[in-house]
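Engineer: Residues per chain are reported as follows:
2 protein chains.
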Amino acid sequence: MYKKYVYFFSKDFTEGKKELKDLLGGKGANLAEMSNLGLPIPPGFTITSDVCDWFYKNNGNYPEGLKKEVQDKLEKLEELMGKKLGNSNDPLLVSVRSGAAVSMPGMMDSILNLGLNDKSAEGLAKCSNNQRYAYDSYRRFIQMFGDVVLGVERDKFEDALNDQKIKKGVKDDVGLDVEDFKQILAKFKEIIKTETGEDFPQDPKVQLWKAIDAVFGSWNNDRAIKYREINNIKGLLGTAVNVQSMVYGNLGETSGTGVAFTRDASTGENIFYGEYLMNAQGEDVVAGIRTPKQVEELRKQNPEIYEELLSIRDRLEKHYRDMQDIEFTIEDGKLFILQTRNGKRTAFAAIKIALDMVEEGLISKREAVMRISPESLDQLLHPKIDPNEKYKVIAKGLPASPGAAVGKIVFSADKAEKMASKGEKVILVRKETSPEDIGGMNVAQGILTATGGMTSHAAVVARGMGKCCIAGCGDLVIKSNNNCEIGEKSFIEGDYITLDGTKGEVIDGRLKLVIPETSGDFQKFMEFVNEERTMGVRTNADTPQDSLIARKFGAEGIGLCRTEHMFFEGERIDAVREMILAEDKDGREKALNKILPMQMNDFIGLFEAMDGYPVTIRLLDPPLHEFLPHKDEELRELSKTMGVSFTQLKEKTESLKEFNPMLGHRGCRLAITFPEIAVMQTEAIIKAALTVKNKGIKVFPEIMIPLTGIEKEFEFLKEVVDDRAEAIFKQENDRVDYKVGTMIEIPRACLIADKIAKKAEFFSFGTNDLTQMTFGFSRDDAGVFLSDYIEKRVLPNDPFQKLDITGVGKLIEIGINKGRKTRPDLKVGICGEHGGEPSSVEFCYNVGMNYVSCSPYRVPIAHLAAAQAKIKKEEIE
Amino acid sequence: MYKKYVYFFSKDFTEGKKELKDLLGGKGANLAEMSNLGLPIPPGFTITSDVCDWFYKNNGNYPEGLKKEVQDKLEKLEELMGKKLGNSNDPLLVSVRSGAAVSMPGMMDSILNLGLNDKSAEGLAKCSNNQRYAYDSYRRFIQMFGDVVLGVERDKFEDALNDQKIKKGVKDDVGLDVEDFKQILAKFKEIIKTETGEDFPQDPKVQLWKAIDAVFGSWNNDRAIKYREINNIKGLLGTAVNVQSMVYGNLGETSGTGVAFTRDASTGENIFYGEYLMNAQGEDVVAGIRTPKQVEELRKQNPEIYEELLSIRDRLEKHYRDMQDIEFTIEDGKLFILQTRNGKRTAFAAIKIALDMVEEGLISKREAVMRISPESLDQLLHPKIDPNEKYKVIAKGLPASPGAAVGKIVFSADKAEKMASKGEKVILVRKETSPEDIGGMNVAQGILTATGGMTSHAAVVARGMGKCCIAGCGDLVIKSNNNCEIGEKSFIEGDYITLDGTKGEVIDGRLKLVIPETSGDFQKFMEFVNEERTMGVRTNADTPQDSLIARKFGAEGIGLCRTEHMFFEGERIDAVREMILAEDKDGREKALNKILPMQMNDFIGLFEAMDGYPVTIRLLDPPLHEFLPHKDEELRELSKTMGVSFTQLKEKTESLKEFNPMLGHRGCRLAITFPEIAVMQTEAIIKAALTVKNKGIKVFPEIMIPLTGIEKEFEFLKEVVDDRAEAIFKQENDRVDYKVGTMIEIPRACLIADKIAKKAEFFSFGTNDLTQMTFGFSRDDAGVFLSDYIEKRVLPNDPFQKLDITGVGKLIEIGINKGRKTRPDLKVGICGEHGGEPSSVEFCYNVGMNYVSCSPYRVPIAHLAAAQAKIKKEEIE
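These protein sequence lines map, in sequence, to chains A and B. The first sequence lines up with residues 1 to 877 when you count with the working numbering. The second sequence lines up with residues 878 to 1754 when you count with the working numbering.
Isolated chain A, as found in the complex:
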């Protein structure tokens, strides 16, 4: 059977359609599709990717019959256009472009203006009534053909062009006239003869076939191969080749060119919006040399064309069911559409457009939900710098936590707290932050650090707090405790700066901020989202304040409350240190008893804020040395306030030092050595729960054991917790339901999850630590090589940002499957930072988690990602 290799497209006769993308490539299929729609597309034909495959399997030859088929289609095209390819009077010119099924922008070759030669250039000059234009086009064609098709070094042509300019004494091409171009053309031809040993081909057919050869050949050039490798593009046959008649917007005042959006890309309003220029080429509109006109004006200037455009706008939107970004050209009063594609838009506009299209009956609610990128919602949830402000960036760092902040510089957490208590807005500026700075970070508007990466302490805590943060700002140098340099400039305490955490930019002085409105549209959109969503979304929150923000954003409980942050506040830290320094269990219990009522109040606050929802509280996790200062001077200070000798303090801190604290004495290991800590925390949780229950609040405490890796660790601590809880119930003659479960964050825990699930009532995957241990990467140290890894494509992304589905994800799957084998109704969630990252949320949905938990400001993002995951999965099934 004869196989068809060439597909024609034109208004009246089109052989392809968008479903043939694999065969015709994305561009070819789309040209066919638009032609089928009856849109005015410059006609042409597509040689299939099958031919490319044949070409490579047969040493650059073509299948039998192809030449004839191309010739037939070319004749058809000539007939349709009423012009002959390269004809000396009114030549048909064509473009020859690549186009694979998957877009590979800029990777393969294109040739424009094909068909020009000494004679047809003359013809073009006549027809266009523009000699200069015709010869400039010709020399551009030779240059492009020489470079792309014949493999002559591009510089040789550029040099010849420059020589001419120097000779003429002008700077730009604009200064060259027809005669200059004729001289340049002669030189170009000479170059080609010298470099290739052959004359530049005057025969348009020869040009065409050489161009086709070159485009197919470019499928396997180095950069295209590399691009496919990097982007993991596999299974394609090759590229298709599109031969399309050229149209011109610069043939005089009845010609023109423009770009338009079918709706306003910035507000989402349903109005036709765009710009155009008469007697111009596409580049002119974007280049900004001439000022384009609003497309509205076309209504007056050429009402027919405008009406035609409006009607095309409608048809395109109805057909593609999305806002379109259109390129058009008017050639001598005739409208051509060159391209249409889904238009880029702001998050704000995206929501409005999606909602409007639902109203208009164009798309379903589900489709509306799928239209919004979850990450884009982030723009809507944080303050930002007023777009009207003009400013200069004095330094850049990592965009560690989004939003913007304005305030006075302070250099210590203490000072931050003092100034904030007087109502002043401060920015905490430090080399790096540590857990002791929590109080200051909490009251600051934003945080700026000199060192540390996207997952440094400052970055993680700030994101958790939904607070703007720039980390690792190399241009920040702390000179003293009252002075720093940022970029070129010196600052002292009290000086104002502005941070843009979304971009990682530091600005001198105070800028105006605006809080993007989460308008009615946002609310309405989130309702659509929640109609689809089935997986729960909780929040990681340690304070009632954060909890309330999270609930406002739709959080359905707390998935992770880190109790250690509470240990740093105010006078508690003294009691915590007293506990660490105690000689024996009695001493520790005495100190813990001081913390107990404070912790109880913390939990009361959380339970009240989360009335009706579960609250997962993790028992103390960090190694004890994190609670002690490390510098001698600080230790001396502490020795005075605690009435303990400096030597004793020093010895204690030395003895607690660890080579690899990440893998040291922390998590449940602490509680096995010192069960009294778990006992105190259980007491605080259970008593708080009983207290709020009696105020009529619905409370569902979930006690979470951190860092389990061995089933007996969990069993041991569950018994400690249960024993204490039962004792309190007995004593108070009252009880509440509570659950005891565990973080799964040690690789081994996934491998023995069946054993752990025998006793554990829920699992919460702690993917921060699980990623560290599965990769053997220390978050604090990996910065040195991780950026290098991503740059060299050893890793596709930072696994601390996007969950590594191949490795870490595999362990999670093993963990869930094993866990549910022994306990089919095991509740499973995630509480690492991945819980708010869309691709990770999708993974969590796909492996059957019950919920994800993320920082308050990412709750809507997680909602949307969860809804989309569900829809995607249903569509596959």
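By construction, these hints were calculated from the structure, which means they are not laboratory data. Be careful, since some hints might not be right.
As the list claims (entries may be wrong) - DEER-style ranges, computed between Cβ atoms:
1) B:Glu1596 to A:Glu64: 40 to 50 Å
2) B:Ser1532 to A:Pro796: 22 to 32 Å
3) A:Phe729 to B:Asp1080: 46 to 56 Å
4) B:Pro1474 to A:Thr673: 49 to 59 Å
5) A:Asp574 to B:Ser1532: 33 to 43 Å
6) B:Lys1679 to A:Thr673: 21 to 31 Å
7) A:Tyr391 to B:Pro1474: 53 to 63 Å
8) A:Lys802 to B:Glu1408: 48 to 58 Å
9) B:Asn1723 to A:Glu875: 43 to 53 Å
10) B:Gly1447 to A:Glu195: 57 to 67 Å
11) A:Lys802 to B:Glu1596: 21 to 31 Å
12) A:Thr673 to B:Asn1108: 21 to 31 Å
13) B:Lys1103 to A:Glu436: 50 to 60 Å
Don't be surprised by glycine CBs; every beta carbon is placed ideally from N, CA and C.
Based on the hints, put chain B in the right spot on chain A.
Structural biologist: Just chain B now, with coordinates in the frame of chain A:
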């Protein structure tokens, strides 16, 4: 159908056999077995474990018919013995003992001398002609019965006994006479009456049933439950109860008791060996109050009994096909065997016995191989303290590396090298060791450290070197660089000490050491082993010297050569530091070029030593900061020798500091940042291989990439290695075969092993790091809680010693299966320290590894473990 509950055993009528162990328990089945053999066993009967099961399922009641069955068997026993239970003239006395299918020594209850009461005690006195003995037995019986059966506190009886001694003014029981015992008996009865409200039961039948109740009851006492839990004993019905007639070795000069081994337990010689005492009880032989006689003397004293014993010895060995440890009693000229079991023996004896038994046709070669515990071989391979030496231990530490060593104390590695170069034997004594001490450790006889655990640097390196080491010796305090205290005593440089690394003991002064001969027997045994073994055994060795030792022990190649140790030697460290401090790649390459010829020579030495065998060389692994000193004074020193400013050095060391170096910039991550290191090492390996090849040596280099966790890491470095190798082959116009593979030591590597195996030609599991990351344990820090974990039974053993099969093992299995899926002939080994630990070696065999690799001195142990694993698996299949 009526179920049989009671099994009789006696010389002439026995109902059980050893195969009924589940029903009769170990003891009951063995008593039956020996009776069947016709051995003179005191007759009795066993109540089955079925009854125990019934007892617990029916609230402590017994199945119908049991009482009658016991009564029948008791009557049979009385008839056989010609005595009645508790008869007032010549009473039959019995013991009532527990005995489950799995031995639970000391966990359940036993009662001896049952049947004594006021009257039968009198009868016993008459028969034995020994009043004191009879009444002492009676009071012992009441005491035991009161404690075990009636639940009276043991102290009450002890107090009464003491009161009597005080009253009498004597210290020991020996000072008490018949009248004293009669008074004590009265008091004991009073105690029982007061405590239980009832009289001590005089009726022997009542005594019997109460004792049976008590033994069944003891199956579920707390300590028995705990014991089964800890030892993971599951699926047993319960305990059986053995009622056996008592025999006495203390009825006069025609009675006696003894213990004997069927062969010499210390040398293995095939001679009957043992001790006995006439007119004595079993305890007297062991207690050491009277000096027992050699069993040889019995030949003169009672030739008939001696001959009978000899004949029993033969029958037992033939029946049990192993050397036996026998307990016997002569009651009034009649021999009884009370117990036989496989005898404990030295490793030396074990080998001789096994070989002899093969000669004698008693066991097969395979059985001989199974008879020796692999760990026990360790005794044969290291020097030890002459058993004739008498000495006092002045301090104890961890037995970190076995063997013994004598030498002069030195406090620094430098000094060790200096003194050793003069031919002096030194012991390196340090707080802890670090990689900089390698040179000194290498020349020292042994190493003693104050801190660090079984897996500290000192311990790991010493074991690798097969050198005696005591680590974590808390009683060692380094006072200055010329003085330390060990225990109570002060030492200075040059003082002699002796270390016993097998026991962890430090001894003042010089003791004589002996090197246990690995005699012809050892060689012959290892031949048997190697006939069975199929899995390969390689060694971890970094020097030709270690390689030669390992080959002597049978190593079949090097499984791990750590190149970093080579970086510390002599002047190389200067070049290494120069490389680290270099500003750019050129600087690094310049420094690396200085190291290249030295590394090349190292490899030539290794290849020569391993002629004909593969040598796996791991590229540089540790983080670079390990090669720089850390203290300011050392840095100042270095800044002088290197001509680099102190500040610059300090900054460099600061910038290389890591929070968690274990998870930091090391392994292949280093080589991705600085490929020039891998290039230099490849060059050294390939050039060395070409050099030795031209000397006629068979060389199989295997280049190993450490710490792969991502397939692209491996691909990147394999390309670096291959490119360099090919360039050298071209340049030298010669080539060798080599392989490129990887360590699998990151959890993620196991999960993506299929991807890694596409390019990797071999896997070597680095189970030290894999264990660290799978558990999230830092070896250096886990000491704080790991011992606690093992004590509290959170973990059954230290997973750094015995491979954790449940967790880490699961990952290994995943890794092997995935790896072999893409590359079916993938060569897989292990090179962590587990490679020399028998249970881990068995696991490696079971999951299909091609080889294990271990330190030179453990090679024979691995051989034996591998052979046993194969036999075990075949026996299961």
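Engineer: Next step is simple, just say for each hint if it's right about the structure.
Structural biologist: Tested hints:
{"no.": "1", "hint": "B:Glu1596 to A:Glu64: 40 to 50 Å", "result": "41 Å, holds"}
{"no.": "2", "hint": "B:Ser1532 to A:Pro796: 22 to 32 Å", "result": "28 Å, holds"}
{"no.": "3", "hint": "A:Phe729 to B:Asp1080: 46 to 56 Å", "result": "50 Å, holds"}
{"no.": "4", "hint": "B:Pro1474 to A:Thr673: 49 to 59 Å", "result": "52 Å, holds"}
{"no.": "5", "hint": "A:Asp574 to B:Ser1532: 33 to 43 Å", "result": "35 Å, holds"}
{"no.": "6", "hint": "B:Lys1679 to A:Thr673: 21 to 31 Å", "result": "23 Å, holds"}
{"no.": "7", "hint": "A:Tyr391 to B:Pro1474: 53 to 63 Å", "result": "59 Å, holds"}
{"no.": "8", "hint": "A:Lys802 to B:Glu1408: 48 to 58 Å", "result": "55 Å, holds"}
{"no.": "9", "hint": "B:Asn1723 to A:Glu875: 43 to 53 Å", "result": "45 Å, holds"}
{"no.": "10", "hint": "B:Gly1447 to A:Glu195: 57 to 67 Å", "result": "59 Å, holds"}
{"no.": "11", "hint": "A:Lys802 to B:Glu1596: 21 to 31 Å", "result": "26 Å, holds"}
{"no.": "12", "hint": "A:Thr673 to B:Asn1108: 21 to 31 Å", "result": "25 Å, holds"}
{"no.": "13", "hint": "B:Lys1103 to A:Glu436: 50 to 60 Å", "result": "44 Å, violated"}
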